[in-house]
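Enquirer: Chain F is already provided as a structure; the job is to place chain V on it using the hints.
Each protein sequence line maps, in turn, to chains F and V. Once you know that position 315 of the first sequence is 315 in our numbering, the rest is easy, because the numbers rise by one and skip nothing. Once you know that position 350 of the second sequence is 350 in our numbering, the rest is easy, because the numbers rise by one and skip nothing.
Be careful, since some hints might not be right.
Here are a few chain V residues that face chain F, going by a calculated C-beta distance under 10 Å [claimed, not checked]:
1. A30
2. E35
3. L38
4. K41
5. S42
6. I70
7. Q74
8. A78
9. F93
10. E97
11. A101
12. V129
13. R165
14. I320
To list a few chain F residues with every Cβ distance to chain V over 10 Å, as calculated [as the list claims (entries may be wrong)]:
15. V22
16. L29
17. L58
18. I216
Honestly, the hints are just simulated from the structure, not real lab data. Beta carbons: idealized from backbone N, C-alpha and C, even for Gly.
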Amino acid sequence: MSFETTGSGPGMAVLNFCRPAVQPIVAVLIATIVGGLLVLALGENPIEVYGLLISGSLVGVPNLLVTLQMMTPLLFTGLAVAISFRAGLWNIGAEGQMLVGALFAGVVGYAFPMPWFLHLPLAILAGFVGGGLWSAIPALLRVYLGVNELVVCLMLNPIALLLTGFFATHVFKAPGPTNKLPDIAPSAALPTFSVYSQVNAGIFIALACCIIFAIINVRTVRGFEWKIMGLSPRFAYYGGINVPRRAIWVMILSGGIAGLAGAEQVLGQYGAFYDNFSPGYGFDGIAVAMLANFNPIGVIVAAFLFGALNGGSGVLQMMTGLSKYLVQVLQFITVLVLAAQFSWDWLILRLFPEPPPKSPDAVEPVNATPTEA
Amino acid sequence: MSGNFLKTGLVVLSLLTTVVVPAFAAPKVAMITSESGLGDKSFNDMMVEGMERAKTELGADYVVIQPRAISEFQSALARAAGQGFDIIIGSSFDMIEPMKAVAAAFPDQKFGLVDVGPEPLGPNVVSTVTKDWEGSFLVGYIAAKTTKTGTIGFVGGKDIPIIHRFFIGYYYGAMMANPDIKVIETYTGSFTDPAGGKEFTLSNINQGADINFAVAGPTSVGVIEAAKSTGTFAIGVDSNQNYLAPGSVLTSMVKRVDTQAFDMIKSVSDNTFAGNQVKMYGLAEDGVSAAMDDNNKGLISDAVLAEVDTLKAKLLSGEIVVPNYFELKAGQAEMGTPPIATPPSIATATTLAQ
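The following block holds chain F by itself, in its conformation from the complex:
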């Protein structure tokens, strides 16, 4: 964190407990203020606009359902990124892993009809496998050849887009003008609940994943090992942790969860794999994970916030002349503020190699620095 506190007492305990939330809240507040100025410059009333964003995302069942729909893919991708970042692995390839997972789920969903109690789990599993395989590439390159996983992940994103696009355009293409796979069988569909929204049973899987990883992180040895790896891979190594092995599996898990985002899209929201379907859920996932301080429960909160922004956006566009880009700008400013915090921490560490002694609980995963290549 950017500030140090010393001392003790009940007041400090409360402060320490709240501390992880301070940074994201400040970031969101700054984004809100800058966004408000932007709205003002566009000749609209910021209070009215934010009011519409809030009512358009939270008030009324239809709006709430749309928010949940927008939130679901971000839960998966946000969690995927959070898991890997927390372990010091810079998996920014969630977008590509999601696309490959979606393709796998789409193929299993349409090509192998079987009873639903087999078909649906298998199609979801296929999504996990697809994403996991795609993230295994940077993981193996990182561990065995020392190639920076950040760069490989980044490069694999467009490759995944074009590769899945190739399958949707040439190999498995459904007849018709759209580049998509044939529709999935009803037996592989995640049920939806309302005409207002494509929110589907996938959101329960997403929430369950977040909760499971929250428990793993806090209550298991493996979760502790991931945290140590993130804080210092060398320390983890000398502490007897099989870092390369753990790193590979963290990346595969992370990619698999990103792949689940694809499975949710295909099996729940689209009903088929569509070429280039994602407006960037994988990248939004990075923002969600950063806002969440890489905490799986925080991912739920951050994904809800971004889901609400995008859900409210539809109503905002309907009621005012404002463009969809406004909420994207809000998101980007939030990330920018968070990223500025990141580089600030990095700078402090470089300028003052011996930081002042910290209280043990001030060590937060946010201080994780990239593993050295």
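Expert: Relative to chain F, chain V alone:
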């Protein structure tokens, strides 16, 4: 008694005029874009032109809702439904299923969808089909009149019936302009492969085709690039693509989704909206055109443009009927009115995919 009756009648009438007429005089419209959104220099931007026209001519109020993904179409439609919009208009083939579902859930809300298939979408939905074969006819005529080599080309995306429909119109127009013209028919096999589009076009150009009509979605960009690099001409498709390479795009076969959207708004404005309808938009309805703007100024001679106008008049009077591929039969020797010999791809075929 009759005086009272008259008074009541007047009161009712004035109520009607104050309540009903303003409600329809300034229609409120929601336009839902496809996932590519505004600034696509294609259908979405053209639809907004239709909205602007409705604003000036009908006093319409419109909002534009831009979903980020196909998965957001349904929620965008459903949340706009029942919000007091007189009509909600969409512009994507991928919106057919979402619109069907939402229209069934909101039977009192009127919907419109431009440039889709021939099947009606619901009792409260009006949709349109663009007679692209008539537009292709027009640019085929222009190409045959403008070529210097006597050979023109056609670069389709996939070798499928919907693209054959463009080719037949193009071929018919070219033959009408010059019965000795040679028309090279090629298909790249993909709608999303500009590099392939360029290769196939270069091959056409090597065979002497100095004008190539691109009917290939994003592949068309490659066709235009090939024209630019060889100093020949391309013809754009769907939207006005003249701007992509000014001076190298002879014209574009434009589907006038702006007209189609405007007519939908007009129908709610003058209370003639009737659902379950699929309206056909050809030359007569101003539903297709050959785009003329600053980017292709002077590329087509005034004499040819004058001929195009007479051609249009003949088409409107029924003197010319451009053949629709879907009404042709395999082995058919002649097609259209006036009859012109069918291209080999039909004359020698044993079956036609429909």
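Enquirer: Please list, smallest to largest, the hint numbers that this structure does not respect.
Expert: 4, 5, 12, 13 and 14
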